[in-house]
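Visitor: Sequence:
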Amino acid sequence: MRVHTLTRRKTLTIVPKAPFHFDGTFHKPSHFPDQLEDWEPGVFWQTIRLRGHIFGVKIENQGTVAKPKLRVGIYSDRLVSSADADAIRHELSWLFGIDEDLGAFIHLAKKDRRFFPVFKKWLGMRSSSAHNLYGLIIVAVVLQNATVRRSVQMLKALLSRFGVRVRFDGKELYAFWQPAELENVTEQKLRDLRIGYRAKFIKRLSQDFALGKINEHKLRGSDKATTEDALKKLYGVGPETARILLFEAFRHYDTFEHIAPWQQKIYSRLFYGKSRVSVEKIRRDIQRRYGSYAMLAVHYIWEDIFWRRKHEHIEWLDREIRL
DNA sequence: CATCAGGGCCCTG
DNA sequence: CAGGGCCCTGAT
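Using my numbering, you'd call the opening residue of the first sequence number 1 and step up by one each time.
A hint or two may mislead.
Cut-off 30 angstroms, straight-line C-alpha distance, at most; resulting in silico cross-link-like pairs (DSBU-like, lysine-lysine) [unchecked claim]:
1. 111 with 274
2. 189 with 10
3. 310 with 111
4. 203 with 213
5. 58 with 28
6. 265 with 69
7. 224 with 281
Derived from the structure by calculation, the hints contain no laboratory data.
Computed from a predicted model, the values in this text were never measured in an experiment.
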């Protein structure tokens, strides 16, 4: 398969709204690894499709939490116009909440005696997704009813068959295929990649996106209920997938209604030190405490424990997540 | 070797 | 609105 080699064409400087936590925003330790992005402390790489082209993006931390500054290298196989650069700047701003004002959330966090150390450690972290809606749905679908190992395998299979290999800045990553490219791919061909019944979901989702039955751009400006409705109409998108999309792709920080059983177990441990607390109680307690920032607050505590897991052995967590 | 549940969802009754 | 079935895989 052809590898697209991109070279550096332009460099942008972006000044995020302070406080901004670079590593907490660009790297989510709870997510499974993929070949669409890469990270090391202070540096992030990803591919991105905009205006009909594939770009490589390298984002470097050039500031601090209190005085944030990002240097963004744009890689392409042709000249990058100022319209391209503007589109990339604009898209990154949305995907990573770069201009988001976290003031009200921080105010809440300061009043939280118990978890303030965690909020302080990650001060300025935002919800994020490097992918557009279609890409994030694909990720969410391979996540369904599967262990992490199998999810990784399924996404790898899909990307090596349909993705575009991109090389830039010494990295080799993939860019997602476009929905319309699956038009002539049969469900059986997808099943051959060992993705099981998800083949049907991906087939139908791709059709819907190719036909423009869902408008990501428009939904970014819609309220949560409208967006949730539109998402749940998509074949293969249920309560948990919708939750992921609402929080990561649409930046609704209050998305804390659906709690899956495996999440319930981890929340019970994190918030109560018990093995099992009812989802009703968890939902009520968290919503009361963090209001419209319920999911963001939980996200801080959630990512923190997965971050710690990289360095220390956390017995109960290993038991619960089943890699 | 068989059985089972897993970071859900759709469909049926 | 509860429950069965679904693809595949590694664990038991």
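Visitor: Okay, which hints does this one fail, numbers in order?
Guide: Structure breaks hints 2 and 6.
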